[in-house]
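Taken in sequence, the protein lines are chains B and Y.
With my numbering, the residue at position 105 of the first sequence is 105, and numbering never jumps.
For any residue, its number in my numbering is found by taking its place in the second sequence, counting from 1, and adding 1000.
You may find that some hints are simply not true.
Stated by the list, open to error - Derived DSS-like pairs: lysine-lysine, alpha-carbon spacing no greater than 25 Å straight-line:
1. B:K119 to B:K93
2. Y:K1051 to B:K196
3. B:K396 to B:K196
4. B:K421 to B:K119
5. Y:K1045 to B:K196
6. B:K312 to B:K396
7. Y:K1051 to B:K172
8. B:K421 to B:K185
9. B:K170 to B:K185
10. Y:K1045 to B:K172
FYI, nobody ran anything at the bench for these hints, they're computed from the structure.
Note that the structure is a prediction, hence the values are computed from the model and not measured.
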Amino acid sequence: MMFKKLALGASVAATVLMAGFAAKAQDAINFVHNTYRTGAFSGSGIPVGDGVRDYFAMLNARDGGIGGVRINFEECETAYDTRRSVECYEQGKAKNSVLYVPWSTGATLAAIPRAHIDKIPIFSMGYGLSASAVGEVFPWVFNMPITYWDGANAFIQHVAQQEGGFDKLKGKTIGLLHLDAPFGKEPIPILETLAKQHGFNLKLYPVAPAEMQNQSSVWLSIRRDRTDWVYNQGWGAMNPTAVREAARGGFPVNRLVGVWWAGGDDDARPAGDAAKGYRALNWHQTGANFPVVQDIIKHVVDKGQSLSPKEKVGENLYNRGVYQGILIAEAIRNAQAITGKKVITGEDMRRGFEALNMTEARWAANGAAGFASPVRVTCSDHNSQSAVYVMEWDGKAWKRQSADIQPQKEMVRPLLEEAAKAFATSNAGWPARTEPCQNNS
Amino acid sequence: MSAVTSTAPKPMLSPAMMATVKVLGVFGAIALAIVLLVQSGAMPKGSIGHKVLAAPFIDMWDLPDLLVQTLWEGLVAGVLYALIALGFVLIFKASGVFNFAQGIMVVFSALTLVGSYEIMTQRMGLPTGVAVAILALIVAVATMFVLAWLVERIVLRPLVNQNEIIMLMATVGLTYFLIGFGEYVFGGNPKVMITAELGLPTGNTQFNILGGRVNIQHLDVAAAVIASVMIAGLAFFFQYTRIGRALRAVADSHKAALSVGISLNQIWVIVWFTAGIVALVTGIMWGARSDVSFALEIIALKALPVLILGGFTSVPGAIVGGLIIGIGEKMGEGYWGPLLGGGIETWLAYVIALGFLLFRPQGLFGEKIIERI
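Between the sequences and the hints, there should be enough to build the whole structure, so can you do that?
Laid out in structure tokens, this is it:
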């Protein structure tokens, strides 16, 4: 009898102990994040990676994670190579990552057909497949706050503002300088549509990845075509070279406007005075004067736990990483609130994203009042098509050049829907959405 | 007894001049035919024939300043390609190894220069300026010497007499080692070349000629001059010095060179060191045009069509090949690129090289190897 009691007690104790261990092991949300600190695109990849990493390190240090659960943040190095990005996707899957963040349009395209099968949402923030903004067709993909199509649309609006109206675009030559890769080609359809609509000549200037630092031919072509404005859809080493070559060829740099990925401080700075006036689109503020960035400095940078030099904290691409961190953290909070769980899964994360509503008040609550425009995701709109503004390099830092530019949703959205439909049709067996919609839409 | 005299008339032109006249004649005939076709209306404006055969030349005629600018850009690119190719040629001549690591040597040497300058000025508190830049340059040169010595000791010596493919694989391994080591020491982020600190010119001069403007960057002039001096210096070194003769002997036959007392190990160190210096100069010039990042490694691939064209063993081949590829691809991209949607220069370089190979399979100046069976 005594032995029986003892055995029972021991087994109960063992079960409780094991359950305790299991709870402890699971008391973290796993998040494997693609980065590229090496390779030809590291110039852009490093500051972004530092921003995201430091933001989650700050949340863990300041708040003990999100909703009382630590974020188990892990980087996976891709060197901006799609093949390695797919390996990182598999690693994330094996480690129960609640989210896949590809940081490359090619890698996003490779992951889209897998997401709904593996139940891992993809967050391609301001890059990837523009059409994935359509939530009815792509319930597992999110690409807020703006698509490349909206970006190109905003660029043309900026040109029209500078030229004195859309009617002044007729007969003008507008060029797209782009990396000859899926990322670079994304805005072509919308620019073609806008060219027809407003009567400007669209010229395409592709730059092969192997020629990123050897662009003199492209800039000779721009000179030959007497191109009036150039939109730079570049990334990595292509950007500082483009700014230098523009100046070398006598092209006015204030007519060279970069997409938000061509607006890194290190894209403009190396060209020195020649880069003064270079413009780029942006959707958030630069600088370290935000409570969230100050908290990062206090809890992470000053404690020597950041990989970033202190003077680069608050630069544009660093803040881009922080911006991404805030959206992800907010989606995790949503998922925790919706499901009542502390440790969420990929499926919960998807629901959290679909409920994302970053109002001005929510930005402020995240220590980022005035940092960015509101972002509202719905079941059908996974992008929000938020406002952008044009900033200009003054030789030392980025300064706001324009007021907010709202993309023309009424024009872009139908094209996105059309492209999404075409994607579903051309990919035989693309599943119809079965995921329930419970949020604010 | 009468002297035997030849009755055959003496040719008025040498064979080389005859060949040139023939080539010019063919081009002239083609040009005349195009003009006639355009004038007669057989090749109407907008037709494919007109776009390919006539429009580019009309553009050249209409915008002569742009033509001059394109030729200048091609010339500068060509000289820089020649410099990259030279690094490959040097090592191939002396050891029969295609040095896959030449590209990363460009990055590594430039990073050593900029990185050591950063360390000296930011961490050691030395003043910025020419003196420290020269010091950093000395550090970079010394590093390339140590690298050459280590490569000879650790990579080449144990593999002596091995198959060429094994040597090639060793240089592939060396590439990955240098990428990892470079990233470990200097980080993966791009750095700005210390152009002005090295005393290189940075401005530009604009010439208003031919009804337009031609913009000449002082840095490009410096690049062309420095590369030319360097190439001439190397040619002299190979031709007239004792070590140069030893290098050529090694290139001809390792065994024969060894038998007359030439130290293969010493020669390899010298060759790898020279290739390292060439890589450093390439890195400085290209880094100043863009930035110093690991993306520069890809630039070294531009040497491949140059090598195909010029031959793997010829210094003049690397120079002429570089110029042909440089000017050819800039002209091709500028005038014919739009017909194919642009971005053609990457593969156009290979097409130019292959076009030449149809007529000279050994390359422009390569050794014609005849093996009798």
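Hints, verified against the model:
no., hint, verdict
1, B:K119 to B:K93, "9 Å, holds"
2, Y:K1051 to B:K196, "24 Å, holds"
3, B:K396 to B:K196, "38 Å, violated"
4, B:K421 to B:K119, "22 Å, holds"
5, Y:K1045 to B:K196, "24 Å, holds"
6, B:K312 to B:K396, "12 Å, holds"
7, Y:K1051 to B:K172, "23 Å, holds"
8, B:K421 to B:K185, "19 Å, holds"
9, B:K170 to B:K185, "23 Å, holds"
10, Y:K1045 to B:K172, "23 Å, holds"
Hint check: a violation occurs at hint 3 only; the rest are consistent with the structure.
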